[in-house]
Amino acid sequence: MVPPPEGGGMPAMRRPTYLILTALAESPRHGYGIIQRIEELSEASVRMGPGTLYGALDRLVEQGMVALDREEVESGRLRRYYRLTPQGRTELAAEVRRLEQDRRVGQAALGGAS
Amino acid sequence: VSRVERQAAFLLRAYPQVWREARGDEVLGTVLDLAGDRRWVPPRLAIDLLARGWQTRSRQHVGAVGLAAAGWRTALGIAVVAQVALSLVWLRDWVVTGTPAILAHFLGGASTATYLGALVAFVVAGAAWLGGWQRTARVAAVLAMTAWLLTTVVFHAMSNPVLIDWLQVAPWTYLAGVATIGLFQAPPTHARAVGAIAVVVVVASQIFSTGVEPVGPVGYLVVEQGQLPIALLDRGADTLHTALRTGWVALALTGLALVNVDPRPAVAVGWLLPFLALDHLYWGGPFGLVTGVIVACLVIAYALSSGGLPRTGDGGHLQA
Chain A
27 MVPPPEGGGM
37 PAMRRPTYLI
47 LTALAESPRH
57 GYGIIQRIEE
67 LSEASVRMGP
77 GTLYGALDRL
87 VEQGMVALDR
97 EEVESGRLRR
107 YYRLTPQGRT
117 ELAAEVRRLE
127 QDRRVGQAAL
137 GGAS
Chain B
152 VSRVERQAAF
162 LLRAYPQVWR
172 EARGDEVLGT
182 VLDLAGDRRW
192 VPPRLAIDLL
202 ARGWQTRSRQ
212 HVGAVGLAAA
222 GWRTALGIAV
232 VAQVALSLVW
242 LRDWVVTGTP
252 AILAHFLGGA
262 STATYLGALV
272 AFVVAGAAWL
282 GGWQRTARVA
292 AVLAMTAWLL
302 TTVVFHAMSN
312 PVLIDWLQVA
322 PWTYLAGVAT
332 IGLFQAPPTH
342 ARAVGAIAVV
352 VVVASQIFST
362 GVEPVGPVGY
372 LVVEQGQLPI
382 ALLDRGADTL
392 HTALRTGWVA
402 LALTGLALVN
412 VDPRPAVAVG
422 WLLPFLALDH
432 LYWGGPFGLV
442 TGVIVACLVI
452 AYALSSGGLP
462 RTGDGGHLQA
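Residue numbers (the working numbering), protein chains in the order written: chain A, 27 to 140; chain B, 152 to 471.
Same shape as in the complex, but just chain B (with noise of 0.2 angstroms):
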């Protein structure tokens, strides 16, 4: 057995079971003719191998739980990943304070990738179940918001704790971003425009809270947690309307973004629920994971009472 040959027998590994043993020494075959004389699998082909057996398995994934029980799965599992990090971050500030600057930074560090590794692996995920121009529009905002965060980063104030200053931001970002997504993923008119007045208050609020406390509990329900339901009802609306299965992770991420991200929603939610201690609400752990379950619960009992339930439309297909 050669190395190209072993090494095609690896890439085949990213499909399913099942498929390897109906398609796997066919393909080999084909991969094998396509290398020649080459002692590497071209990355081309590897690339490609890949990102086809991971979509067999994720459409292979679905169909075997039903669509709603994938994306139920997904968004659960994204959030968890996303709040067990920012859960990180938190705990870094409220138990870890005097500890050693590098411990701290390993762990808000570690907190954000694994943040931002969610937040990019979503839109991926989304991306393999499109095909066509919404697949490029779709990497080119993870590549845009990617580089809006790491700007971000360089520009913004790098005085300690500058990674808590950093994930203040990223609600922001995250949420333009996923509004500006929506708008490529040909929902009704009307969610088309939820999307683009959520990201005209989200730039809005951002501009107007800089270096600017909202006074009393008022201001922080207008300049904060007025993002909120505007980025639920986007969210809903497309999942609905277009029954995109990133729309079910994008909900439920949207939620736990702005609540624990940034403590201030928090704390305006706090004042709607006065019997909770306030400092409480500030440590963003396991609030912000109930809030954020709670919010995507509603919201998906709503979309399947209301018999919103994503279809396997064109966005489902390879789309070849």
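This is chain A alone, in the form it adopts within the complex (with noise of 0.2 angstroms):
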């Protein structure tokens, strides 16, 4: 269960969630692209399947946080390109904040500068 902030407001993001709005707040990407994305900002860590995708992606839709771009056919496959919408945008900018936040507060811990 993801614990919720104090303060209320959005739940802190799962990584995959994280990397995925990140992915498309570069720039509108299909699936494919939007998974091999991932795996350079993970650095390969996170190797994202079809189903984890577009089971997060239908979740993140319907929350209003990405939203369907444009369609292409290529060499006869379909592409659903998406992008992050300004809701999208506003929570992952959010999460970032948290993030940092956690790691001031970490490396504080630890003794080290911030």
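Honestly, the hints are just simulated from the structure, not real lab data.
Every residue gets a Cβ at the ideal spot worked out from N, C-alpha and C, and that includes glycine.
Here are a few chain B residues that face chain A, going by a calculated C-beta distance under 7 angstroms:
(1) Glu177
(2) Val178
(3) Gly180
(4) Thr181
(5) Val182
(6) Asp184
(7) Leu196
(8) Asp199
Assembly of the complex is requested from the two constituent chains, each provided in isolation within its own frame, with the hints serving as guidance.
Here it is as structure tokens:
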């Protein structure tokens, strides 16, 4: 269970969600493009399967954080490009701030400079 | 159409038809891109598609019939499967005495496999609805329980009828596993305490009852039946407070396992219901089924009337 943050608001994101939103924040991408970009962003530590990706996309579209951008047919294959919505961008920015705050707290606890 | 495309299309059948109509072509293209020049869909992708497809189906089913109804149906379905499996064992013991050993072992083996299959299916079904470390913990619990059972088989006395002996150990293993799993599901403090107590009582009673036949109905009641309310309380608290869907299934199976697999709890119940023939109680078929269903009905009815309906919490989402 994802604990809600102090003061309410959206619960902390799981990493795959964070990575999907980050990949889409750069530019609209299709499913394969998202998977490839996530692998790059995570330095190959996250290799997302198509089932996981499209399950997450379904939910993110439903939550209004991601929207369909356009459809294309390339080499006989249907490509749907997705983009980040303003709401998704806001949530991603909030998550980045939260992670940054956690990083500072952790670093301070370890005695390092923030 | 290439071989890999046929395979991908086949794997996508794990998803509901409505989902395939909306997403199928798009996902197929992505799978083919990921497969590259391979002649087969990589196992990692195949497992991912099958698991997520089944998860989507489950969620759709729950959405269609309602959470309580889905839990109810699942519990009843698995309970019936387990009951049929167990009845085969007792049928063998009761009717097939003197038949060729190979037939007896086939019946015992088939029923044991079905029972364990139902057990694993219920835990895995729960895993599909959970996410993150809870899923990992639950899968780990399944593996631990399976390892425990297999170890028991290997080191247990292998004399005939070994499968009966094995099954008599199974409910304690099962109950300890269920209670242990309950500890991972973040129930309120008192429910966690009940789960821990259940584990201690199960282990202690198993130790004390090994090789010792309790004297009289009171002995049975103390040693064996004492576990049933604890287990039910544990499951009930878990179901009501944390609203995990598998709680319904565990609740039904706990009662069934306790009453059916080991005849001694049935003897204790028989003492409370003297108008029933004791010999009949030893045969765990209809009596166990009725008892299990009644127990499940009562607890679920209580949960519904008290407003403790399962809710779609974090555990109900995919949690990407």
